[in-house]
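Trainee: What follows is each chain in one-letter form.
2 protein chains.
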Amino acid sequence: MRNLRDVRPILLLLACTLFLAKGSAQEPDPLPLLVKALDSGRIVVVDLTHMLDEETPYWPEGRTVTPFKAKVVGTYERNGLFARELEIPEHFGTHIDAPAHFNPHGWTVAEIPLERLIAQAIVIDVTQAAKGQEEYRVTVEDIKKWESTHGAMPSAGIVLFRTGWGKRWPSQKEFMKQDAKGSPHFHCLTVEAGRYVMKQMKPVGIGIDSPGIDRGDDHTYPLHHLTLDANTYLLENVGGLEALPDTGAILVVSPMKLAGGSGSPVRILGLVTNPSGRLSSK
Amino acid sequence: MRNLRDVRPILLLLACTLFLAKGSAQEPDPLPLLVKALDSGRIVVVDLTHMLDEETPYWPEGRTVTPFKAKVVGTYERNGLFARELEIPEHFGTHIDAPAHFNPHGWTVAEIPLERLIAQAIVIDVTQAAKGQEEYRVTVEDIKKWESTHGAMPSAGIVLFRTGWGKRWPSQKEFMKQDAKGSPHFHCLTVEAGRYVMKQMKPVGIGIDSPGIDRGDDHTYPLHHLTLDANTYLLENVGGLEALPDTGAILVVSPMKLAGGSGSPVRILGLVTNPSGRLSSK
Numbered sequence: 008m009r010n011l012r013d014v015r016p017i018l019l020l021l022a023c024t025l026f027l028a029k030g031s032a033q034e035p036d037p038l039p040l041l042v043k044a045l046d047s048g049r050i051v052v053v054d055l056t057h058m059l060d061e062e063t064p065y066w067p068e069g070r071t072v073t074p075f076k077a078k079v080v081g082t083y084e085r086n087g088l089f090a091r092e093l094e095i096p097e098h099f100g101t102h103i104d105a106p107a108h109f110n111p112h113g114w115t116v117a118e119i120p121l122e123r124l125i126a127q128a129i130v131i132d133v134t135q136a137a138k139g140q141e142e143y144r145v146t147v148e149d150i151k152k153w154e155s156t157h158g159a160m161p162s163a164g165i166v167l168f169r170t171g172w173g174k175r176w177p178s179q180k181e182f183m184k185q186d187a188k189g190s191p192h193f194h195c196l197t198v199e200a201g202r203y204v205m206k207q208m209k210p211v212g213i214g215i216d217s218p219g220i221d222r223g224d225d226h227t228y229p230l231h232h233l234t235l236d237a238n239t240y241l242l243e244n245v246g247g248l249e250a251l252p253d254t255g256a257i258l259v260v261s262p263m264k265l266a267g268g269s270g271s272p273v274r275i276l277g278l279v280t281n282p283s284g285r286l287s288s289k
Numbered sequence: 008m009r010n011l012r013d014v015r016p017i018l019l020l021l022a023c024t025l026f027l028a029k030g031s032a033q034e035p036d037p038l039p040l041l042v043k044a045l046d047s048g049r050i051v052v053v054d055l056t057h058m059l060d061e062e063t064p065y066w067p068e069g070r071t072v073t074p075f076k077a078k079v080v081g082t083y084e085r086n087g088l089f090a091r092e093l094e095i096p097e098h099f100g101t102h103i104d105a106p107a108h109f110n111p112h113g114w115t116v117a118e119i120p121l122e123r124l125i126a127q128a129i130v131i132d133v134t135q136a137a138k139g140q141e142e143y144r145v146t147v148e149d150i151k152k153w154e155s156t157h158g159a160m161p162s163a164g165i166v167l168f169r170t171g172w173g174k175r176w177p178s179q180k181e182f183m184k185q186d187a188k189g190s191p192h193f194h195c196l197t198v199e200a201g202r203y204v205m206k207q208m209k210p211v212g213i214g215i216d217s218p219g220i221d222r223g224d225d226h227t228y229p230l231h232h233l234t235l236d237a238n239t240y241l242l243e244n245v246g247g248l249e250a251l252p253d254t255g256a257i258l259v260v261s262p263m264k265l266a267g268g269s270g271s272p273v274r275i276l277g278l279v280t281n282p283s284g285r286l287s288s289k
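Line by line, the protein sequences give chains A and D. Count along the first sequence from 1, add 7, and you get the number used in my numbering. Count along the second sequence from 1, add 7, and you get the number used in my numbering.
Do not rely on the hints blindly, as some may be mistaken.
Repeated chains share a single entry, so a pair holds when one copy, or any two copies, can fit it.
[As the list claims (entries may be wrong)] Result set (SDA-like, lysine to any residue): computed pairs, CA atoms no more than 25 angstroms apart in a straight line:
1) Lys152 to Pro177
2) Lys78 to Glu62
3) Lys209 to Pro120
4) Lys43 to His157
5) Lys152 to His112
6) Lys78 to Glu94
7) Lys188 to Tyr228
8) Lys76 to Glu94
9) Lys188 to Glu154
10) Lys152 to Val279
11) Lys43 to Trp153
12) Lys76 to His112
13) Lys188 to Tyr83
14) Lys206 to Arg123
15) Lys43 to Gly255
16) Lys76 to Glu154
17) Lys209 to Ser178
18) Lys43 to Glu154
19) Lys209 to Ser47
20) Lys78 to Glu34
21) Lys152 to Glu141
22) Lys43 to Glu118
23) Lys151 to Asp54
In short, the hints are calculated from the structure, not lab data.
Okay, chain A solo, but in the shape it has when bound (with noise of 0.2 angstroms):
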């Protein structure tokens, strides 16, 4: 008796420990437990999109009225439903630019892999840095802050900066600074900090708050060749950044399936683990 009492404590702990192994080795489907987070507001969706309309910030090169028009073609009291046509550019609001835009051999907009359409995204906050500049820079030294404060950057996900242009939305005037040649003016990245975001991340994408990640006035494009080239797609005029935190959260990007398309106007919205665990409005 004496004997098995001293094991007994023993085979308990083996079956504990077994237990919880086949657990970890068996992950849960996040599926179900998405539904359930998204059910009781642990996750919340967040919209990176900006509202479409006549107000919308347009690129001001060749331009001085909105390329965007909403024709109503069918009204309640007349037609008894509501409805409207559209012309829109492909590069226009929130939207994305295909590697198509620029290279010719990469995927047009409907081409980009679904895989690469979600994924996580990490954020680079330069607001401090830039506020009170015309045209702030992103540095790479920017980029290596961040990866001292939250280690190296995951591969394959969307980098998105931040830096605070957004706020200067929808006014044409305020959001394209345009210079006396009428090039635009915005913060965007030195062509070192993008080349080392590349390296570093591979990303799927890249998005930022402003018109682009090139000076508005470096007709060159560098770094949208750098990127669309490698088939990273670019992000533009992205809106609501200060809902994202700087890792954790899912972005889902979705674009017009337009066949052939060089880019198109895109709807993203945020998956983001919320902290306080709020009831959503659902």
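Go by the hints and put chain D onto chain A.
Mentor: Then chain D, alone, in the frame of chain A:
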């Protein structure tokens, strides 16, 4: 000593039980699990969206040519970049009807709460019943059959009807099957079936692989009114439904963020647990 030895197993059991109880009360954060599962291919992304181009079927009443245009405004040779401007109706291709399409007090497309754009999907398959029929209308019995197999439908989900009509895409003639008066005909729902789904499930959205859930020649649109008046959105011309399981997928429904819009072309991406666990192409 003997007494201590007696309680030892009980203490260990208690500790293990507490540990396990804590584990289940605080469920793991689904987002890191989702990233991992997408990386390993345990969860795959499927596309429920048809391609948008000049060949995309369009609603034929009052039209004989496509309302879609993509005008090239930049070429690699001339401009160093490729870009287009689009003409596109709000209700074109795989698209969403916002409540405001029929309901003056309903949400416009930009007003649909984000929580309703990411939801679990159930698929009701009627392809066998519809086979060979020119205009099959889903019955209450079809839905009850689904319920008898899968149990009660979850609420606040997206109900999708797979009728087989999608196989006719992108033939304008076969997809719209106009009668002598010009009205289109396609697989749709009986009014009773629509009522039953609304009552049983209170879905955030209802979708179908045909042009709509109402009969094409019924210009009173009873089911559009019933659903949109209850702020349930509609998804029309949904593609790729073969890739969805009957239950368990999560959909991300992404319309353009059109201020005051009655609807929009949508990208619909689905997250599906892949039982075979094959590696993704990422």
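Trainee: Under a CA distance limit of 25 angstroms, which applies to lysine 76 and glutamate 154: within one copy, between copies, both, or neither?
Mentor: Answer is neither: 43 angstroms inside a copy and 45 angstroms across each miss the 25 angstroms cutoff.
Trainee: First find the shortest C-alpha distance between lysine 43 and glycine 255 inside one copy, then the shortest across copies, and answer within, between, both or neither for a cut-off of 25 angstroms.
Mentor: Both ways: lysine 43 and glycine 255 sit 18 angstroms apart in one copy and 12 angstroms across, limit 25 angstroms.
Trainee: Checking an output row: lysine 151 and aspartate 54, CA cutoff 25 angstroms. Within, between, both or neither?
Mentor: neither (28 angstroms within a copy, 37 angstroms between copies)
Trainee: How would you classify lysine 209 and serine 178 at a CA-CA limit of 25 angstroms: within, between, both, or neither?
Mentor: For lysine 209 and serine 178, the Cα distance exceeds 25 angstroms both inside one copy (33 angstroms) and across copies (40 angstroms).
Trainee: When Cα atoms must be at most 25 angstroms apart, do lysine 43 and tryptophan 153 count as within-copy, between-copy, both, or neither?
Mentor: Intra 32 angstroms, inter 23 angstroms, cutoff 25 angstroms: inter-copy only.
Trainee: Between lysine 188 and tyrosine 228, at a C-alpha cutoff of 25 angstroms, which is it: within one copy, between copies, both, or neither?
Mentor: Within. Shortest intra-copy distance 18 angstroms satisfies the 25 angstroms Cα cut-off; inter-copy 55 angstroms does not.
Trainee: Tell me, please, which holds for lysine 78 and glutamate 94 at an alpha-carbon limit of 25 angstroms: within, between, both or neither?
Mentor: Both. Shortest intra-copy (8 angstroms) and inter-copy (11 angstroms) distances satisfy the 25 angstroms Cα cut-off.
Trainee: What label fits lysine 43 with histidine 157 when the C-alpha limit is 25 angstroms: within, between, both, or neither?
Mentor: Between copies only: 19 angstroms across chains, 29 angstroms inside a chain, cut-off 25 angstroms.
Trainee: As a check of your reading, is lysine 76 near histidine 112 (CA-CA no more than 25 angstroms) within one copy, between copies, both or neither?
Mentor: between (31 angstroms within a copy, 23 angstroms between copies)
Trainee: Quick one: lysine 78 to glutamate 34, C-alpha cut-off 25 angstroms, is that within a copy, between copies, both, or neither?
Mentor: This pair counts as neither: shortest intra-copy Cα distance 51 angstroms, inter-copy 49 angstroms.
Trainee: As a check of your reading, is lysine 209 near proline 120 (CA-CA no more than 25 angstroms) within one copy, between copies, both or neither?
Mentor: within (15 angstroms within a copy, 33 angstroms between copies)
Trainee: Tell me, please, which holds for lysine 188 and tyrosine 83 at an alpha-carbon limit of 25 angstroms: within, between, both or neither?
Mentor: between (47 angstroms within a copy, 24 angstroms between copies)
This entry does not satisfy hints 1, 5, 9, 16, 17, 20, 23, going by the numbered hints stated previously.
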